[in-house]
Each structure stands twice: as structure tokens, then as C-alpha cells.
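Chains as they are written, first to last, in the working numbering: chain Z, 1 to 343; chain A, 1 to 326; chain E, 1 to 305.
Source of the hints: derived by calculation from the structure; they are not laboratory data. Some hints could be false.
Examples of chain Z residues toward chain A, derived with CB under 10 Å [to be verified]:
1) A248
2) L251
3) R263
4) N264
5) D338
Virtual Cβ for every residue (Gly too), placed ideally from N, Cα, C.
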Amino acid sequence: MTTTVVSTPTAQPLTRRPSYAKYVGAKVVGAIGSLFFVLVVNFFLFRVMPGDPARTLGRGRFKTTEQLEAFRHTYGLDQSLFQQFLTFLQNTFTGQLGISLRYRVPVSDLIRDRFWPTLLLVGTSTILAILFGVWIGVRAAWNRGGFFDKVSTGSTLTLYSMPEWWLGLLLIATLAVGVGPIPGIFPTGGLHSTDVDPGSLAGVLDTAWHLFLPVVTLTLAYLADYSLVMRSSLLDELGEDYLTTARAKGLRDLAVRRHHAVRNALLPTTTISAVNMGFVVSGAITVETVFSIPGLGLLSSEALAIPDYWVLQGTFLIASGGVIVANLLANLLYGLLDPRVRT
Amino acid sequence: MTTPPAELLEVRDLRVSYLTSEGRLPAVRGVDLVVRAGEVVGVAGESGCGKSTLASTVLRLQPKDAQVEGEVLVAGADVLTMRWGDLRALRWDQVSIVFQGALHSLNPVHRVGDQIGEPIRLHEPSLRAAEVSERVRELLEQVGLPRARDRAYPHQLSGGQRQRVMIAMALACRPRLIVADEPTTALDVMVQAQILALLSDLVRDLGVGLVIISHDLSVLADVCDRVAVMYAGRIVETGTSQEVFSDPRHPYAAALSSAFPRIGDPAARYAPSGLPGDPPDPRDLPAGCSFAPRCPLALDACRVAEPPLLDLGNGRRAACIRLGAS
Amino acid sequence: MSTETAALRLTPRQVTRRRRAAAAQRTWRQFRVNRAGMFGLVLLSFFVLVAVFAPLLADADGLQVTKATGEVLEAPSAAYPLGTDDTGRSVLTLLIWGSRISLFVGLFATAISMVIGTLMGLASGFFEGWSGRILFRLTEWFLVIPFLPLAIVLASVLGRSLLNIAIVIGVTSWPGTAFLIRSQTLSIKERPYLERARVLGAGRWHQMSRHILPNVMPMVFANTTLTVAVAIIAETTLSFLGLGDPTRVSWGSMLDDAFSVGAMTTGAWWFIVPPGVCVVLVVLAFTLVGQALEEIFNPRLRGAR
Chain Z
1 MTTTVVSTPT AQPLTRRPSY AKYVGAKVVG AIGSLFFVLV VNFFLFRVMP GDPARTLGRG
61 RFKTTEQLEA FRHTYGLDQS LFQQFLTFLQ NTFTGQLGIS LRYRVPVSDL IRDRFWPTLL
121 LVGTSTILAI LFGVWIGVRA AWNRGGFFDK VSTGSTLTLY SMPEWWLGLL LIATLAVGVG
181 PIPGIFPTGG LHSTDVDPGS LAGVLDTAWH LFLPVVTLTL AYLADYSLVM RSSLLDELGE
241 DYLTTARAKG LRDLAVRRHH AVRNALLPTT TISAVNMGFV VSGAITVETV FSIPGLGLLS
301 SEALAIPDYW VLQGTFLIAS GGVIVANLLA NLLYGLLDPR VRT
Chain A
1 MTTPPAELLE VRDLRVSYLT SEGRLPAVRG VDLVVRAGEV VGVAGESGCG KSTLASTVLR
61 LQPKDAQVEG EVLVAGADVL TMRWGDLRAL RWDQVSIVFQ GALHSLNPVH RVGDQIGEPI
121 RLHEPSLRAA EVSERVRELL EQVGLPRARD RAYPHQLSGG QRQRVMIAMA LACRPRLIVA
181 DEPTTALDVM VQAQILALLS DLVRDLGVGL VIISHDLSVL ADVCDRVAVM YAGRIVETGT
241 SQEVFSDPRH PYAAALSSAF PRIGDPAARY APSGLPGDPP DPRDLPAGCS FAPRCPLALD
301 ACRVAEPPLL DLGNGRRAAC IRLGAS
Chain E
1 MSTETAALRL TPRQVTRRRR AAAAQRTWRQ FRVNRAGMFG LVLLSFFVLV AVFAPLLADA
61 DGLQVTKATG EVLEAPSAAY PLGTDDTGRS VLTLLIWGSR ISLFVGLFAT AISMVIGTLM
121 GLASGFFEGW SGRILFRLTE WFLVIPFLPL AIVLASVLGR SLLNIAIVIG VTSWPGTAFL
181 IRSQTLSIKE RPYLERARVL GAGRWHQMSR HILPNVMPMV FANTTLTVAV AIIAETTLSF
241 LGLGDPTRVS WGSMLDDAFS VGAMTTGAWW FIVPPGVCVV LVVLAFTLVG QALEEIFNPR
301 LRGAR
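With the rest of the complex left out, here is chain Z (with noise of 0.2 Å):
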């Protein structure tokens, strides 16, 4: 048996572990930058208000022009502007986000307790939305033009054009209230019965129960966009050569679906998925304001009241800060599945 051996033009050398570790410190340095730029707009967007910005951050507060002046200095506001941002970029790092007007805590307080129930609803939501729109995807995809892609495109178009509040209300009025005869089953808010603990047992289903609905909702909204787009990312597959190739070598069709079509029809829902962070926080908004649940949801929407302007400040850092990292994560995955782009 003769090896025929020929010089081997030249092609890009061999290397694993180090071009991930390149991939994953040019999108931490990506995401350290986008964090700036958020804080840069956080910034200036409270400093573009027409008036004296320390009366209107500390209205109603002081009563007389010693205790403004106290709180100007405290805040920075009779500082340059340059200034005023080093102290900001101080405070937002020490965690001295203000107080808020309406409740008088400081707001790193009001976010450190209501953050949770939000990462409950969010983080649970998230991740069914996830399973269901990508097994429904692939689903509709692969017997394109079948029933189930027929309802189920019909269905994931309506939920996608459909405001994620709404639905919740919708469920409110059917499944919260009852609709005729049949009684309601769910809460119509809150997160929590008073008269549970919330830490036993008994509690934690009653802490369920209430966010059965929200969850619902959310899971809804979000796997609509999910779904959407992994139906036409698999479709695009479908028409690729190698999987020719793959049914060629005698695989079975379920085979060739998961391990070939499916696997690269990931990669673009990956990265829909980093640029869809924003609704995911935004439905948070809507759904908690509709069912009273108290997270920073809620808080953002009733901060709007006054307004609350620390408040508002502090969410909205958390918000951005939320999504970046989200997205620096969904991008880590994608380098991780797409071995293209780490070389």
C-alpha cells in the first residue's frame, strides 16, 4: 500500500485552548466597555433635566437651604461636571445609589430585596421559553408545512405580535377571576399569601402558586421570538450539503436532525437570543406591574409615579448591567458551539 505524500499547502495552524481564551477576553473587554457606556448615559441622562438638579433629585426632602446645600455637596452637584461623574462612578461602585424619594431607604436596599423574586420569574420564564421555542422550532421546521407548523407558526406569530401585559391580563380575567360559572384558580398578584411563611414548605408552593401566572406569561412571550427564530435558522440548514453527506453515510433522520441540522441552527439563536436580552427585561417590567409581584419590575414602574429619580437611576444601571452580562454569557456559548470564530 503506497501513501502518496505530498507537501501540504500551508493552512491555519492548530491551536484550541488559547484562541478560546482570546475569544473570551475580547468579549469581557466588549462587555467592560458597553458597562462604561451605559454608566456614561446613566450619567447624563439625569443631568440633561431643565432646573437645579438638586432640588429636583432632593425635592421635598429639605426644608431648609442648609440641608439642600448638605445634600448637593454629599451628591457631587455643585461639583464640575467632570467631577460630578467621578463621583458617581464612586458612589455606583461603593453602592451609594441614593435614596429613594418615596420610600426613604437607600436604594441599594430596595434593590437588594427585590431582586430576587425578579430572578425567580426571569431566570424560570427564561428557561422554559428557551425549551419549549426550540423543541417547537425544530418541530415546525423539520415537517415544514405539516400541521403542527402550521398552528404552531400561526400561534408563535400572534403571541410575538401580542403585548406580554396583555396576555397577562387576559389571565388575570380567566384563570385569576373566573370567567362565568368557573371560579378562579390563581391569585390575581402578590407574591406571597399573608398568612404563610414564606420559608417553609407550605410557603415556597404558596410563593409558586402566585407565580404560576407570571411564569406563564412570560414563558409565552419570550418563546415566541425563540421559536420564530429557530424555525427559520433550521430551515436555513435544511438546504446545506452536508447534510447530504450525512443522510449519505446512512445516518438515520433523527440522527441527521440533532446532531447535524439542529446543531448549527443554534448558532444564530444564540446570538438572537443575546440581542433579545432587552425584551426579556422589559417584559419583567410589564408582567410584574400587571400581577404586583415585588420585584424590580414593579419598582421601576412605580418609581415612574414621583418620580423617583434614584431609583429610576439604579434600575435602570441593573437593567443595563443585567443585559450586558446576559449577553457576554450568550456570547461566551456561542464561542463555545462555533468553533469559526475562536480561530
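Please build the complex by placing chains A and E on the supplied structure of chain Z, with the hints as guidance.
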């Protein structure tokens, strides 16, 4: 136990049409082909003549909207009517395909070694992972690639290297027949020569049958034992590659052959070459001989009926009305 | 003789105009075949007509709280086909007039978004070197900022009005368009005829406006339609949160009222369901039309849906 037939591949009167919104498009219109063990058969023709469709039917890979008639016998069994389970067992194990365009025929997110090993794991599940890896690396060596390349991804390899990977992959389950669809297109000339040399060596050493499909007759002339020339879905000439290349009987084969300059032949430099016009639109095939519109030797009689493939003796066949007279 | 040839010879502008008209006809023919797109178009036309002919369809007096003639939250009846709201006004009247606000704000916001997005996309795609890269980074950064929190902050700072809603939506939704236009620009930039234009002395502005922009326009058009869908939902959400003009009725503000008076618990479904249904139908219509246009202008997508 019956003796296995000498023919690895026998295509009998294959007809393939695509059902589209504009009607039936005939892609293959009655093709017969025979390939024996250790033989290299070439199929030549322009793009659109149906040669890729022909290749896809060997493993029943034609698209769902294709209507197929005729028989494609691999070691005596008809691929087109076999049970699904038998077909999957046959795929890659008995017959494998080297696809055109290696970059798109390889999965971009799987390592090359995994893709070569995939059919091995499928058809020989008793092998351990380490044995499969070893076989993969041996295959890479066989095609002239470094063993360590099994960890590479397709985009990290050059065009020539990818094509070698495709060949290594095709050899993975030790098939008896390999169909190579345009194996050297889009490769530069030096790499082309290497790939062709590799294929001939493999045929000689392993005794596999090889079908090479190409629009480049000069490629086929070098490597193939026999050549079949296709035009508009039919075979219009067959013979040994030497015969078809230097003494073509069908005007189309003559045009194909003269399109490539022979170095050192002063007469060839002044002989007219190249064909005017385009291959016929399958939706609108001309009555009579499908080549007549472009044929420099066309007669009125040519437009009446499609000339059948005439036997000219010694395995030579050509479908031209002029040859029937003698 | 010379007059005949003069009549046959067309100016470049006339040639371009004819070609564009032919292209538009082709597009229409392809669009007609797309069932989902046609359904969306019909739906869309219906709502546009309702918005335009609102004064003829419903009495403007019906919007005034002081002139409300019905009972509070009356169920649907012959006099009030969709019942009344919490101040006794006919829900149907509110719905008809509300379509104007919802559609108008959505379109205006989209206009802002498309102008910024197209300019940014063209510029970041066209300009080489660090200026292009900076513009791209800027687009990326804006993309990260979540829409609703920013909208809330801006509304609190700028005040509540429909104009501010439109501005907020426009300012937060342009990055998506910019990315699309940028990638289109990048691919068109490499085409041979652009190189020829450059060699012939075409300046950057000329290249962008006369060569790249016309080729990018079809995709811009498709993207615009999809952006309107997003903008309308955004307006509805912002109005629902109370950021709109309290004196103007939009579908979102109707739902805000419904929510505040607890229409879900009192079972006043006629106040909750119709505005939402209208929003869903309009957004669906724009989405279907936009997707159909995308398929036509991006042949890669054709047959893929």
C-alpha cells in the same frame, strides 16, 4: 451461496424527473451504466446534463420531489426499491460518495476526525472508541494528511486538504464502490494532479470501483479506464477513455475533446474548438436529437427523432444518426 | 429623422425611472402570491382606513368625558356595541379614535428610528478605518441598552407626552436597523460597479446616495414595516405604563384605564379585550407584510419559511 455479480454498479434505463410548479423537468432520460471492481469509469458533461442527479441516485439521495424510474443495482440489489433499513446499511458501507464542494459538504462545527469516524461508528458499532480513532488517523495518512489533523475543523484546512478529508471519509467503511462528483473542481492545477494521482493509487491498491464525474474531459482522460459522455440527460458516447478522447464519434464528444488543447500538437492549435450556444433547457427539449441545435454536422433527419445509442463494437457506443449509415 | 431618434433616446433619469417602475411591478407581483403577506396587507388597509375615516365612523364628542352619556362600565348593548369605559364613554368610539394615535405614534417613531438607523448603518458600513469602527461600536453599545428602562428614565426626565414616546422609541430601536443596513452596505461596497464609480471619480457622498442607498432601499423598506410593528407595541406598552398624554386616547391608554379600575376583576371584558385584539391584529399585519417583503428582497429566505 450465489457468486456475487462482477458488476459493482449497474444502472438500467434510469429516468429522473423533477416535479416543479412549471411541470416535469427531465434530468436523466434513460441512462445505462456498468462499473466493475477495480474499474475507473468517467462520466463527462456540462453542468445541467444530469450527471450529479445520476450520482445522487446511486444511494437514493435524490430530492423528495424527484420522480425516479428504472433500476440502480449495487451488487445485484436495486437501491431504488430496497427497504429503508437495507439502504441505510448499504450507504457508505458498500458505496460512498466524494461530494463536490468539500467546504459545504463537511459540517463546520464538528472536527474532521469525528466526521470521518461517524460512519465507522455507525456501521461497525462493536469497535471501541480508541480503535475508531486509530482507523481515522490511518485513513488520514492514506490520503497524505498528517495524523494530527483529525482534531482540525474544516475551516482550518485548505481546499486541497478538505478534498483529501472527503476521500478519507469515503474510504472509512472500506466500500466497494466510490462515486466522486467533481472531485477536482475549484482546486488549482497542482492540487488537482495530486488528488487524481491519489485516487488512481487507491483504486489500484484497494481494488475499489470508482466513478468520476467531471465536466473536464482532460481530467477523465488521464485517470479513467472507460468514459461515458452525457448530454441533456442521456449518454451520447461510451468507450475507453483513450478512444473517446482521441477518436470521438459523437459531435458533442468531439467538441468536448477539442476544447482542451493538446500540447505539442501543431494541428490542434489551428483547429476550431468550443461550442456555440448553451445546453438545452430541460423544460423545452428540442424535438429529435437534443444536440442538433448546436451540432455543426446536423442534418434535417436529426430533428425528427432522438438517435438511439448505437453499438459500434468493442464496447463503443455513440448516439449519432450519422454512424448508423455505415 | 432626427426627431424620431430623439424621441427614442431616453435620458438616464428616465431610464432609471422606468427600471424602478418595472422593479416595483415585479415586487408587487411576487407579493401578491404570498398569502400571508396579502392577508397582512388587507388587515393593515382596514385599520388605516379606520384611522383615516375616524371622524366619519364615530362622533368626536364621544371622546369627551364631560359629554359621556353611558353608565360606567356598561356591558355591550345595541346603543354601545362594545360597552362603555370607566367614565361612560363608548368603547367602540375610543377604539376607533385610538387607532389614530397608535398608528401615528408608531409611524412617527419608526420614521425617527429609520432615519437614524439608515444613516448610522450606511456610515458605519461605508467608512473604513477607525471612524467606521467607532460608529459600529456605538451601534453595538446602543443595542445593549434595554428599551423599557431607558424609555422610563427618558420619560421621567423629559416629561410625559406622545412626542416623547415617539422620540424614545425611535432612539432605542435604531440599532437593529443600523446593523442590517451596515451588512447590506458592506456587501454592496464590494461590487464591481461601485469600484468603477470610484475610478470615474465619484465622491463618497455620491457613492453612498446614488449607488449604495438605492440598492439598500428595498431591505430598508422591509425593515421599516417590521419596525412599525415593534413601535406600535412599544407605544402601547408605554401608554399602558402611563407615559403618554392623559388627554389623548390610544389603545394603550385604554388598557391603562382598564387596569387601574380593575376591569379584570369586575369582569368588564369589553374594556380589556378589544384594545388588545386591535393591537395584536395591527402588529400581526405589519409583521406579515414585513416578512413577505423580506422574502422578496432577500432571495435566500425564499422558500425557507
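Tested hints:
Using the Cβ-Cβ criterion of 10 Å, the hint placing A248(Z) at the interface with chain A is satisfied: the shortest such distance is roughly 5 Å. Taking 10 Å as the C-beta cut-off, the interface hint given for L251(Z) holds, the closest approach to chain A being about 6 Å. Taken as an interface hint, R263(Z) checks out: its beta carbon lies about 6 Å from the nearest beta carbon of chain A, inside 10 Å. Of the supplied interface hints, the one on N264(Z) holds, with its beta-carbon coming within about 6 Å of a beta-carbon of chain A, less than 10 Å.
Taken as an interface hint, D338(Z) checks out: its beta carbon lies about 6 Å from the nearest beta carbon of chain A, inside 10 Å.
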